[in-house]
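Protein chains: 2
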Amino acid sequence: MLIGIIGGTGSQGLGIAKRLAIADFDVIVGSRKEEKAVRVVEEANSDISEYTSNKMVGKANEDAARDADLLILTVPLEAQIATLKTIKEFVKGKIILDATVPLETAIGGNVSNLLHVNPGSAAERTAKFLANEDVKVVSAFCNISNFHLANIPEPIDCDCLICGDDAESKEIASEIIEKIPDLRVVDIGKLEKAHLIESITPLLIGLNIKYKSHYGGFRLTGIDFE
Amino acid sequence: MLIGIIGGTGSQGLGIAKRLAIADFDVIVGSRKEEKAVRVVEEANSDISEYTSNKMVGKANEDAARDADLLILTVPLEAQIATLKTIKEFVKGKIILDATVPLETAIGGNVSNLLHVNPGSAAERTAKFLANEDVKVVSAFCNISNFHLANIPEPIDCDCLICGDDAESKEIASEIIEKIPDLRVVDIGKLEKAHLIESITPLLIGLNIKYKSHYGGFRLTGIDFE
Chain A
318 MLIGIIGGTG SQGLGIAKRL AIADFDVIVG SRKEEKAVRV VEEANSDISE YTSNKMVGKA
378 NEDAARDADL LILTVPLEAQ IATLKTIKEF VKGKIILDAT VPLETAIGGN VSNLLHVNPG
438 SAAERTAKFL ANEDVKVVSA FCNISNFHLA NIPEPIDCDC LICGDDAESK EIASEIIEKI
498 PDLRVVDIGK LEKAHLIESI TPLLIGLNIK YKSHYGGFRL TGIDFE
Chain B
318 MLIGIIGGTG SQGLGIAKRL AIADFDVIVG SRKEEKAVRV VEEANSDISE YTSNKMVGKA
378 NEDAARDADL LILTVPLEAQ IATLKTIKEF VKGKIILDAT VPLETAIGGN VSNLLHVNPG
438 SAAERTAKFL ANEDVKVVSA FCNISNFHLA NIPEPIDCDC LICGDDAESK EIASEIIEKI
498 PDLRVVDIGK LEKAHLIESI TPLLIGLNIK YKSHYGGFRL TGIDFE
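Line by line, the protein sequences give chains A and B.
The number in this note's numbering is simply the position in the first sequence, starting from 1, with 317 added.
The number in this note's numbering is simply the position in the second sequence, starting from 1, with 317 added.
The set of hints was computed from the structure by calculation and includes no laboratory data.
As the list makes no split between identical chains, a pair holds if one copy fits it or if it spans any two.
Below, in silico cross-link-like pairs of lysine-lysine (DSS-like), each with a Cα-Cα straight-line distance of 27 Å or less:
#: 1; residue 1: Lys-372; residue 2: Lys-353
#: 2; residue 1: Lys-353; residue 2: Lys-402
#: 3; residue 1: Lys-507; residue 2: Lys-529
#: 4; residue 1: Lys-445; residue 2: Lys-527
#: 5; residue 1: Lys-411; residue 2: Lys-353
#: 6; residue 1: Lys-405; residue 2: Lys-507
#: 7; residue 1: Lys-507; residue 2: Lys-527
It should be emphasised that the depicted structure is a prediction, and the values quoted were computed from it without experimental measurement.
Kindly produce the complete structure, drawing on both the sequences and the hints.
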């Protein structure tokens, strides 16, 4: 399974890339510019060298999208559609894990406020934009703080909510994500539920700011998910 | 501290009423019709008699609002404004804990879907409607399942998010709510954040349905709230 992180040189994408490389997946880190991807990955490989001999590869987003079997989109909302345009011709039939969250920062607002988008979630925007490409969009990673992802090798005391319309894609996503220590994946349903996942992110960011943390997350209680 | 539960004969209101009575608060259970309140409270007092000698009192909502020092509003969205109209003249200067959640059921939709309201949350609707009454609105109890509340004397393994514009009211609310075993109150900020609390409820209801539970809740992780 070759995983491509689209917009992977930001802190979220790079954190996911490192975690998955340590979990022994083959990972391509994509960036708008290949040279940036190569440069960032060289340092990132050095960062994780004490935990794995696995090496990530840096490429342009287009090449990452073409070469990888499964894509993870980790860009801010304002770059989401622009990025999808550049990779659209390479995504046919693939699974896309979308970590995009509609934060008000996209329009100069507050990082702890939600922006209402149309359709009702960032993940549905991806699905709509790629409607003719037979992609399977799964909302994922939206509620996991970048600081947790970067805090290698510490386990992550959080649940990772996912949703999507294709059951098999969600199973594949779960298997991948749960290779990251202590993350538990909870499937909340169809992609139309993505706004419920995305709206938790500004809550957690707001709590991090208010209570001077970087690691706000949550565990669901009272439900047996086995 | 005399607490009035407005719309208190439903399962949420009655669960809160019983929990607070057991915690030794004086509780009035309000209903549209006094006779219903009296009847329901008689049975409810019998239910909790093995845990407390404290007796709740049943009254019409108007009388509950007039007599109580602090009010808890536990009605469905479609009854929210209609109920506030009936008690408006009795709420001057009081704290109102609003447990209303904008579920799509208010317009014949799905209980696990959120309804977008104007202003952006049910709690802000209360604040707006009572803007001239000097009330202090605190969003509270939105994420605590009725089944947990009714499951006396079991502790409740959940965090109870609250928000509001008046700091002192939130402290009073916290002290009251945390008398219920294991509930931890987390203040997420101003009342404008209430939509972030309310949007978690349809997520939890959806998970309860999907995974055949009644007790879905959550605990925040990674933040030291002390």
